[in-house]
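A.B. asks: Take a look at the letters that make up each chain.
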Amino acid sequence: MTNEIEIFVNGKRYTVSGSVVLLDVLRRLEYKETQIAVAVNEEFVSRSQYQQWALADADRLDIVSAVEGG
Amino acid sequence: MTNEIEIFVNGKRYTVSGSVVLLDVLRRLEYKETQIAVAVNEEFVSRSQYQQWALADADRLDIVSAVEGG
Amino acid sequence: MTNEIEIFVNGKRYTVSGSVVLLDVLRRLEYKETQIAVAVNEEFVSRSQYQQWALADADRLDIVSAVEGG
Amino acid sequence: MTNEIEIFVNGKRYTVSGSVVLLDVLRRLEYKETQIAVAVNEEFVSRSQYQQWALADADRLDIVSAVEGG
Amino acid sequence: MDSSTDTWQLYGETFNSRLLIGTAQYPSPQTMLNAIKTSGAEIVTLGVRRQSPGEAGGESVWKLIRELNLSILPNTAGCHSVREVVTLAQMARELFATDWIKLELIGDDYNLQPDPIETVVAAKELIARGFKVFPYCTDDLVVCQRLLDAGCEVLMPWGSPIGTGRGLMNPYALQTIRDRLPGVPLIVDAGIGRPSHAAAAMELGFDGVLLNTAVAGAADPVLMAAGFRDAVAAGRAGWRAGGISARQTATASTPTIGMPFWQQADN
Amino acid sequence: MDSSTDTWQLYGETFNSRLLIGTAQYPSPQTMLNAIKTSGAEIVTLGVRRQSPGEAGGESVWKLIRELNLSILPNTAGCHSVREVVTLAQMARELFATDWIKLELIGDDYNLQPDPIETVVAAKELIARGFKVFPYCTDDLVVCQRLLDAGCEVLMPWGSPIGTGRGLMNPYALQTIRDRLPGVPLIVDAGIGRPSHAAAAMELGFDGVLLNTAVAGAADPVLMAAGFRDAVAAGRAGWRAGGISARQTATASTPTIGMPFWQQADN
Amino acid sequence: MDSSTDTWQLYGETFNSRLLIGTAQYPSPQTMLNAIKTSGAEIVTLGVRRQSPGEAGGESVWKLIRELNLSILPNTAGCHSVREVVTLAQMARELFATDWIKLELIGDDYNLQPDPIETVVAAKELIARGFKVFPYCTDDLVVCQRLLDAGCEVLMPWGSPIGTGRGLMNPYALQTIRDRLPGVPLIVDAGIGRPSHAAAAMELGFDGVLLNTAVAGAADPVLMAAGFRDAVAAGRAGWRAGGISARQTATASTPTIGMPFWQQADN
Amino acid sequence: MDSSTDTWQLYGETFNSRLLIGTAQYPSPQTMLNAIKTSGAEIVTLGVRRQSPGEAGGESVWKLIRELNLSILPNTAGCHSVREVVTLAQMARELFATDWIKLELIGDDYNLQPDPIETVVAAKELIARGFKVFPYCTDDLVVCQRLLDAGCEVLMPWGSPIGTGRGLMNPYALQTIRDRLPGVPLIVDAGIGRPSHAAAAMELGFDGVLLNTAVAGAADPVLMAAGFRDAVAAGRAGWRAGGISARQTATASTPTIGMPFWQQADN
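Going down the list, the protein sequences come from chains A, B, C, D, E, F, G and H.
Position 44 of the first sequence, counting from 1, maps to 44 under the numbering used here, and the rest follow consecutively.
Position 44 of the second sequence, counting from 1, maps to 44 under the numbering used here, and the rest follow consecutively.
Position 2 of the third sequence, counting from 1, maps to 2 under the numbering used here, and the rest follow consecutively.
Position 48 of the fourth sequence, counting from 1, maps to 48 under the numbering used here, and the rest follow consecutively.
Position 47 of the fifth sequence, counting from 1, maps to 47 under the numbering used here, and the rest follow consecutively.
Position 184 of the sixth sequence, counting from 1, maps to 184 under the numbering used here, and the rest follow consecutively.
Position 190 of the seventh sequence, counting from 1, maps to 190 under the numbering used here, and the rest follow consecutively.
Position 17 of the eighth sequence, counting from 1, maps to 17 under the numbering used here, and the rest follow consecutively.
In short, the hints are calculated from the structure, not lab data.
Check the hints yourself; a few may be wrong.
[What the hints assert, rightly or not] Partial list, derived from the structure: chain F residues whose beta carbon lies under 10 angstroms from chain E:
{"no.": "1", "residue": "Gln25"}
{"no.": "2", "residue": "Cys79"}
{"no.": "3", "residue": "Tyr110"}
{"no.": "4", "residue": "Pro161"}
{"no.": "5", "residue": "Gly165"}
{"no.": "6", "residue": "Thr213"}
{"no.": "7", "residue": "Pro221"}
{"no.": "8", "residue": "Gly235"}
{"no.": "9", "residue": "Arg240"}
{"no.": "10", "residue": "Ala250"}
{"no.": "11", "residue": "Phe261"}
Note that the structure is a prediction, hence the values are computed from the model and not measured.
Don't be surprised by glycine CBs; every beta carbon is placed ideally from N, CA and C.
The shape of chain A in the complex, shown without the other chains (with noise of 0.2 angstroms):
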């Protein structure tokens, strides 16, 4: 699980050398696990998931936190 990998995150591409693992990438990231919510390839991940979910080449995440909406 420490390959380099390139990811996208929310339509951009990031290098991932070193763990894999999708919580050490969203920490790495500065991302707070409680304020975000997770997709790989347009498939849920849940929170529960993260630190046994690792990512692949080419994963494409999406990353979101709640904004206003009508």
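We have chain A already, so just place chains B, C, D, E, F, G and H on it with the hints.
C.D. replies: Okay, now just chains B, C, D, E, F, G and H, sitting in the frame of chain A:
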């Protein structure tokens, strides 16, 4: 002022004998002056005039009071 | 193909004895083939099939013709 | 009828010397009588009156013709 | 029922067409003529304006119109007082050799609405002077009644303000006028923007429609004239033919009995 | 611009008339024929219903219509499922010898509205079987788009529920469909009550109008047919001629310059 | 912006409530009282009618109303002439001890509309006699202007005919009056049927609403009075708060940037 | 009848307020908070959008809203497919800790209308995953019925396209939905522009109104929030109180008997 005359009160014919003073006529008809307003021959006659106002034969009186309205 | 069967024509029950070929049944019921169209059990049966089409017991026939319409 | 007077034709000031007869004035202004209608001081003056009508100082003439309209 | 016999009368004269049309604002005189001819109108409106000395003035338009051999309805457009109306009407009578007059007495310069009070006064004055008055009026029933009392034999309530093209602002008011004044020739004048507006006016039972801007201001005035010609005919037919009433609930047009595939429960 | 050249195409066939008319509910077959002829319609709708053994059925109506030599648009009125539609359409195709079908798949028995979901499914099925589908649909833009995706070459959104005569319930929705689907033949089907409704539909840029009850249910269906013929022509001309836009404020039609009686302040 | 400071003036007196309410047609006097109290109205209308000899007459209603300590606006309902109005107004002034009068001079017995011409004459007469006139008038701008010229300090154009509950028949006309007569207290009187009608009147910038039947004729007049109280407040707030304009095209409310799942083409 | 007891239920929870309000487009967070508080809303909508690494994102808004202790209705605004909706809904559920979801699946980018077909599919998917779905849908009765079949316990048909402020485009369609689906909580969502629109929706018998732009985009959002609060209450009271029906002809409110000045002919 004591001739017998015929008047119309609210469209109905009345014969008045004795005093033809408006105030006397109103009282004989059991009207309460504070609750009514009067027109004679379609002209308004104010309360202050009742005592001096002599009715004439064929006079048409309208005696109105407050009702609900829109 | 000469068993006695029971069919429904436009919702009414008929007993068919003798030929159960659709064309024969239609003729016995005095339909003119050129003026009607037929469905058996809610599936369309074209004119060209009438001669080979054997009806089965409990078949539901709809026999329609042109009417006014909006 | 030959004083010099000042008149207004359609709001513009004109000095009239010589005949002040309306007909003469109209002709001098090159109007064709059959194509116009005239008001003097906002009162209509019919064609039949042109010949007898003497204009006075400060008279306001409106001379109109047909136009498109809705 | 032959539409050629569906005539109507205005001050004793008989007309086939129920569309009255104005002559202003066309891109060219030729377009105006073509539009008028195409419209089938038998009555056209004209105006009167100052002519400068030595000018030919509007004589040219009037000449063109005269050759069409239509009935002329001169207007008093722009007048703001009874006095102006009366003088202008007399001038128009002499110019156009007709005692018909479209009485237009503006009460407000913003909405160009007819003055409901002064129009009645002017109508009386004009009728006393022998005019046959076509009053442009609001959609006020009482004003309409006063104009009839004054001697008008036709009424021309507005649809909406002149030139707005908003159509029938207040169909309820127009319907009330129609219902309360049966037998009186009623023309919707002003505010018509689209053919459907004209048809709707006729469907209310109005007898005619007078318009100008909607045709003259169209990209293709001649085609639009055809459109209004047909719309007036359509609305008239709709009224004469006794249309269906709007219903709250749907009803099938195609017969519902004999629908195939339906089986009785116990079969 | 000659109206005789203002043709349109439906599945590759060319038509002059933009009024499609139904054949139901007339007081008599002769009145029906006269109304259809008067309407100028080139396309008429017909239905299909059960015929009892030994009966002549609707053959008589069909015979009469056939002699008019018009295009026939059979409908699937009364169907509530894709299966019913598909079977009925095939029966209609054989009976009327046409692959045109007015797809009518009812989703609710109260408002008789087309089912927005199943109609799309049915359209696909029919097109797969070689039909040329005229879908009766609601005024929902997305449903219209799905029907085009399915292969329909014409759309027939409703004006309002069948037989209500309420006209165009939601002109904004119809306008949106027109604007978003340029080039697609659009016909308002159902709900038209008065000629002005038909004119208004055409003024939105719709290509045609299909109606039945409004004519058949009129006191005088033949005259009403003339009314709708003219209304469709009127609305079409109104759209082609590029009408004026509605304005907030009034503008005089008669020229305002040259108004008599006006004096400059300092004179 | 505190609604408690959003007061208005009528003939020099200051009011908080913008709902004026009638006293007729309630199922019971107690319901009337409860409805009036609930409505928050500070001004109520009353009428005047013949009282037979020896009868208590409407004294009872008047007594009840008097205890509410509200401003009384007597009307001249039913009058058909200036003379009747003037006499009835004088009688009302004496009875109710107020120089306020709702001038109601009917011009037509079918639509019960105010007479646009005689109402102006009557207003002048009443004002000459010291009355403070609240004229019930049509939605005719010129009539409104004449009433102001006559000395009226408030105008009460109709929404639609009395008792019809049709709401605002002609919002364009009412809007025109509002725009042309800024600063004049304007009250929509008559025709209001539902709370949304009252709100719509206030949203046009009108200053108040006067109604009776819509509350008194409801199944639950007291609850309906609450509804109209809130509707007038709602419409007033809508006007003061500077609402959005209607737009032709949709715009998302939720932000559109940052939508997940979207990928740039070249990623 | 006490308005404090006029509660309603949504997925088993009980509410007093019938106004649901959005949180977008306010000039400032403080104005948003004040507007929400003033509106009396107990349910607010929120969205979900991408947050860049290291950013605080919309957390601030969510924090503010959370302190109000209201029910949160997250939306799926911007989604164009069932898959997007399902993923976004799950993200929202985790973020807001609620299984409520406003299902918004756009079918056309011009009018931003809900996709009538895919919305039903998405509703089924979401309900299968345990969501309590508030579907934003068109005013199509059949789509509404399918959504109920799918397990929705509330429906949110549009008034008109989002952000247009056009109010109720098709009151007939909304009325049909109300009449055909008694007992189902119905909320008008989108298109409301003025308080009178909200009142009119409630007068149709709708149970609630959801809006955003009309308040947030007003010059004074807090005052406008008060306006809508009152308008919803007004319309609700209007519906519960059993209003009068619109009539064609006028009827006096003030009694007509006892009118003075009237004389019998033979007197």
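A.B. asks: Now tell me, hint by hint, if it's right for this structure.
C.D. replies: Verification of the hints:
| no. | hint | verdict |
| --- | --- | --- |
| 1 | Gln25 | holds, 6 angstroms |
| 2 | Cys79 | holds, 8 angstroms |
| 3 | Tyr110 | holds, 7 angstroms |
| 4 | Pro161 | holds, 4 angstroms |
| 5 | Gly165 | holds, 5 angstroms |
| 6 | Thr213 | holds, 5 angstroms |
| 7 | Pro221 | holds, 7 angstroms |
| 8 | Gly235 | holds, 6 angstroms |
| 9 | Arg240 | holds, 6 angstroms |
| 10 | Ala250 | holds, 4 angstroms |
| 11 | Phe261 | holds, 5 angstroms |
In this structure, every one of the numbered hints holds.
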